[in-house]
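Line by line, the protein sequences are chains A and B.
Per my numbering: the first sequence ends with 1094, consecutive numbering throughout.
Per my numbering: the second sequence ends with 409, consecutive numbering throughout.
Simulated from the structure, these hints should not be mistaken for laboratory data.
Don't take each hint at face value.
Claimed, not checked - Within a straight-line C-alpha distance of at most 20 Å, the following computed SDA-like cross-link-like pairs (lysine to any residue) qualify:
(1) A:K974 <-> B:K296
(2) B:K296 <-> A:S1032
(3) A:K899 <-> A:D888
(4) B:K317 <-> A:S1032
What the hints assert, rightly or not - Partial pick of chain B residues on the chain A-facing surface, computed with a CB cut under 7 Å:
(5) T84
(6) S88
(7) T181
(8) T289
(9) I331
(10) P334
(11) N337
Virtual Cβ for every residue (Gly too), placed ideally from N, Cα, C.
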Amino acid sequence: MTTVLQVNNLQVTYYTDSGRARALDGVNLTLNSGEKLGLVGESGSGKSTMALAMMRMIKLPGRIEGGQVIVDGNDLMALSEEEMLNARLSEITYIPQGAMNSLNPVMRIGAQMVDAIKAHDSKSSKSAIEERCMEALESVDLGRNVFRMFAHELSGGMKQRVCIAIGILLKPSVIIADEPTSALDVVTQRQVMETIDRVQKDIGCAVILIGHDMGLMCQFVDKVAVMYAGRLAEVSTVRQMFSDPKHPYAQALISSLPSLENKGVFHGIPGLAPSLLRLPSGCTFHPRCPHVMEVCKTTVPALRTVPGGAQVACHLYPEKA
Amino acid sequence: MAALLELNNVTKTYSRGLVSRSSTTALSNVSLNLDESEPTILTVAGESGSGKTTLAMLLLGFINPTSGQIRYKGQDINQLRGEDRLTFRREVQAVFQDPFAVFNPFYTVDHLLSVPIERFKMAKSKNEAREKMEEALTAVGLRPEDTLGRFPHQLSGGQRQRINVARALLLRPRLLIADEPVSMVDASLRANILETLRTLQRNYGVSIIYITHDLTTAFHISKSIIVLYRGGVMEAGDVDTVIKNPQHPYTRLLIDSIPWPDLNRRWGETEIKARESELTSKGTGCKFLGRCPFAMEICQTPPPLFQLSAHQAASCFLHAKSPEIEPERLSELLPA
Chain A
774 MTTVLQVNNL
784 QVTYYTDSGR
794 ARALDGVNLT
804 LNSGEKLGLV
814 GESGSGKSTM
824 ALAMMRMIKL
834 PGRIEGGQVI
844 VDGNDLMALS
854 EEEMLNARLS
864 EITYIPQGAM
874 NSLNPVMRIG
884 AQMVDAIKAH
894 DSKSSKSAIE
904 ERCMEALESV
914 DLGRNVFRMF
924 AHELSGGMKQ
934 RVCIAIGILL
944 KPSVIIADEP
954 TSALDVVTQR
964 QVMETIDRVQ
974 KDIGCAVILI
984 GHDMGLMCQF
994 VDKVAVMYAG
1004 RLAEVSTVRQ
1014 MFSDPKHPYA
1024 QALISSLPSL
1034 ENKGVFHGIP
1044 GLAPSLLRLP
1054 SGCTFHPRCP
1064 HVMEVCKTTV
1074 PALRTVPGGA
1084 QVACHLYPEK
1094 A
Chain B
74 MAALLELNNV
84 TKTYSRGLVS
94 RSSTTALSNV
104 SLNLDESEPT
114 ILTVAGESGS
124 GKTTLAMLLL
134 GFINPTSGQI
144 RYKGQDINQL
154 RGEDRLTFRR
164 EVQAVFQDPF
174 AVFNPFYTVD
184 HLLSVPIERF
194 KMAKSKNEAR
204 EKMEEALTAV
214 GLRPEDTLGR
224 FPHQLSGGQR
234 QRINVARALL
244 LRPRLLIADE
254 PVSMVDASLR
264 ANILETLRTL
274 QRNYGVSIIY
284 ITHDLTTAFH
294 ISKSIIVLYR
304 GGVMEAGDVD
314 TVIKNPQHPY
324 TRLLIDSIPW
334 PDLNRRWGET
344 EIKARESELT
354 SKGTGCKFLG
364 RCPFAMEICQ
374 TPPPLFQLSA
384 HQAASCFLHA
394 KSPEIEPERL
404 SELLPA
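Can you make the complete structure from the sequences, with help from the hints?
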């Protein structure tokens, strides 16, 4: 097991008319090769910002304020713009949320794939490049004929698989998939996830799956990271997360899950996600937390390892383990 | 027993092409009854392309069926005129999938809610209208003082979706058609919206047709379920029975594909046989034939509906030993 991705103290701020919004506030994360990490949280918790920041694709008014994203020993944040262009797709790749909107409607699928390879490799022959594209399409269970098709000729699940095929063309070390299945129905969702699973094993990369579907996380990932208001609340293995969540927010997330046993029982999480412009003091979850203490209102809890191996940012778990 | 809503052998075909006419059957021969005296929640489930939304559009009278009839309180909804049509429009309400797309961004919540009040003359004075709005917002768990006067962009997706429900509730509907109402909102807010829908059914006597591809929420909210695949009813019955003990291979595939948040359950034990790209409609047989792992010779002919128990029926020859039941009598199997 080698470490392929290390995120150190990543910070992103959006400068808006109504003030500064801290979208990412010092996030630390490590990922080994072949590992699958799920990044969960409510909308606005910073999941997508995290993905975009790792790709250095944050646009104004957002800015990456600091931190490192180390992929295979290289800090992406230290690269020049041109080197970063090269690193995208070959080192780290991003599968966007709405697949149907991310393909060019007036270009054939094949042309878009060839473009992606040519941007990184100007030496290979045309036929070699096309062959690579066809192989990538086959590896995501699409026919070779898809190469000549347009996006509108494909169904949602097929478009999503085309995006995966483009993502793996250059065999990256890290794949970030941002809610790859949120617009798809369950059967297609399973096909897409099985595809990601298989290509991940084929090329031995690490996967970060972003989403809010805990059921999907449970079935797919090895590790779960729960985000809340731009910080990590808890990072633990999927087994620990589902059997013994530590952070009160993670506990609420887990108990809000529907199952076959408790029919008709709904547990929402009380309160609303905080606005990033007016974050509560101390622990940002304290206004919604059932175990709130005095210290939570003043001091930001650090992410630390608790007995059992999970990393939790909560004052309920004492400093000394 | 008076029927609130009756569907008699409803079929909807979309045809395209001027010279070479090709057509797609979005819904074929669906019959359904909803009883007026017992408000219920009925789920219509299926993947994309199964005809769920076509059914919603038909029920709302937005499109006309190609054949068959839809009756509301005994009257064909496409024949309604004048006063009757207005009543139908008021009593049958809808909540759609995307809470971000349905609001005019220039209108405040007040305006959005007061338009239906004025249109249907629900209030005699401004004060009464205001009271009605506040009551509806409170009923869906929103604080009127935080919501009224705001613009849609100032509200979260979950809040907007609840305003949709509030708007529908305001008109005291008898029937609510909820087309994927929670698929666009966060998991933590889903629970709130589903709870709101259920309260509506219990406390206000509203019947709900819940259209979804998410069988988990369907299981939690509804009493009965109809599973559609490419326009045909595959399985129907009591939601507990159908989800815990699915009999049609398609229902099994659907249920097997749900990623349950349970580490002891393996995801996807049955294999998905065919990819959707290989699916083209061939012949008149079972619609699921191309993907069915149990396909047999007899499946080339359309399977009738077989009654498996008092509250379950499946349209599959695997159950050919069970007695047949006419599609018109489907509703008898659905518990209220």
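Consistency of the hints with the structure:
no.: 1; hint: A:K974 <-> B:K296; verdict: violated (42 Å)
no.: 2; hint: B:K296 <-> A:S1032; verdict: holds (16 Å)
no.: 3; hint: A:K899 <-> A:D888; verdict: holds (11 Å)
no.: 4; hint: B:K317 <-> A:S1032; verdict: holds (12 Å)
no.: 5; hint: T84; verdict: violated (23 Å)
no.: 6; hint: S88; verdict: violated (20 Å)
no.: 7; hint: T181; verdict: violated (19 Å)
no.: 8; hint: T289; verdict: holds (5 Å)
no.: 9; hint: I331; verdict: holds (6 Å)
no.: 10; hint: P334; verdict: holds (4 Å)
no.: 11; hint: N337; verdict: violated (10 Å)
Consistency note: the structure conflicts with the earlier hints numbered 1, 5, 6, 7, 11.
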